[in-house]
Every structure is written in C-alpha cells, then in structure tokens.
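At position 2 of the sequence shown (counting the first as 1) the number is 1 in numbering that gives the first Met the number 0, and the numbers step up by one without a gap.
Take these hints with a grain of salt, some might be off.
Label pairs and their computed distance ranges (CB to CB) [what the hints assert, rightly or not]:
no., residue 1, residue 2, range
1, ASP46, ASP82, 17 to 23 Å
2, ARG36, ARG96, 23 to 29 Å
3, SER133, LEU34, 46 to 52 Å
4, ASP71, GLU124, 39 to 45 Å
5, PRO83, ARG110, 32 to 38 Å
6, VAL87, GLY31, 44 to 50 Å
7, ARG125, ASP71, 25 to 31 Å
8, VAL97, ARG129, 45 to 51 Å
It is worth saying that the hints were derived from the structure and are not from the lab. Note that the coordinates shown come from a computational prediction; the quantities given were computed from them, not determined experimentally. We put the CB at the ideal spot given by N, CA and C, even for glycine.
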Amino acid sequence: MRPRRSLGYVASAAVLLEPMADGTLRAVEVAGVELDRLDAVEARDADGALRAVRAALAMPSGIALPLEAQHDTVGVLVIVDDDPDALVAPALLSQLRVIADFAARAAQNARLNRHLERMRDEAEERERERARLSNRLL
Numbered sequence: 000m001r002p003r004r005s006l007g008y009v010a011s012a013a014v015l016l017e018p019m020a021d022g023t024l025r026a027v028e029v030a031g032v033e034l035d036r037l038d039a040v041e042a043r044d045a046d047g048a049l050r051a052v053r054a055a056l057a058m059p060s061g062i063a064l065p066l067e068a069q070h071d072t073v074g075v076l077v078i079v080d081d082d083p084d085a086l087v088a089p090a091l092l093s094q095l096r097v098i099a100d101f102a103a104r105a106a107q108n109a110r111l112n113r114h115l116e117r118m119r120d121e122a123e124e125r126e127r128e129r130a131r132l133s134n135r136l137l
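Let the sequences and hints guide you as you build the complete structure.
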C-alpha cells in the first residue's frame, strides 16, 4: 500500500511535458520515474502525451491535464498509475485540475519573466551602444 499525502493519493509517476520549438511536447520533468525512461516520448497534444507516457511506463491508468494560460498551452501534466481505478474519483480529478491551473499560471509567469529579462537586456545593450556612439561624436 502506498503512503497517502495531502491530496489523499500518491501517483506512480507524474510527467511534465513542455512544447519544443517545433511544436512537439517533450518530457522535461518527472517524479516517480527516471527521466531517461521518457526520452522517446513525443506528442502533439495532451491525448497523445497521455498515450505515449502510459506506453513508455506500461501504466494502465492515467490523466493528461493541459496547462493553459491565456489561451496558450504552456505544457501538459500527465499523471499515471499502476492501479487502473486510481484516477476515477471526481474529487481527485477536481484537485488535479486546480493544481494544473496553478502550474499553468506559474509556467506562464516564468515565460513572461524570461521575455521581460530579454527585453531589458536588449534595451541596456542599445543604451550602451547609443552612449558609445554619442561619445564618439563628441
């Protein structure tokens, strides 16, 4: 018997897939298994991600939760279990969806912060270039 946690459930594995530059979803973080077991996992959508992760880990039960923020898919959280009946409780599904919503917002905030940092770095570089050119003119 597995230990119970705050949600009253401990999954066999959880996998976070993020979109790559070519639009495919690839596993970037895992819990419960080694990441290298998912090297070949590649999908185009949440359903494909679930099928690929379940096949790679030989798990009979699973759920894919798209991580969406402002109509943008920032990833997919796949929860899989070796118990075929583990992920059918409505309360658990509701809790997982809330967690996925928070994860999506956090991922979107991280993406926006990285974009903001790039913009700041570019502005600072332009300002240094402007100052250099201004000093050459004087």
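Hint check:
no. : hint                       : verdict
1   : ASP46 x ASP82: 17 to 23 Å  : holds, 21 Å
2   : ARG36 x ARG96: 23 to 29 Å  : holds, 26 Å
3   : SER133 x LEU34: 46 to 52 Å : holds, 50 Å
4   : ASP71 x GLU124: 39 to 45 Å : violated, 28 Å
5   : PRO83 x ARG110: 32 to 38 Å : holds, 36 Å
6   : VAL87 x GLY31: 44 to 50 Å  : violated, 19 Å
7   : ARG125 x ASP71: 25 to 31 Å : holds, 28 Å
8   : VAL97 x ARG129: 45 to 51 Å : holds, 48 Å
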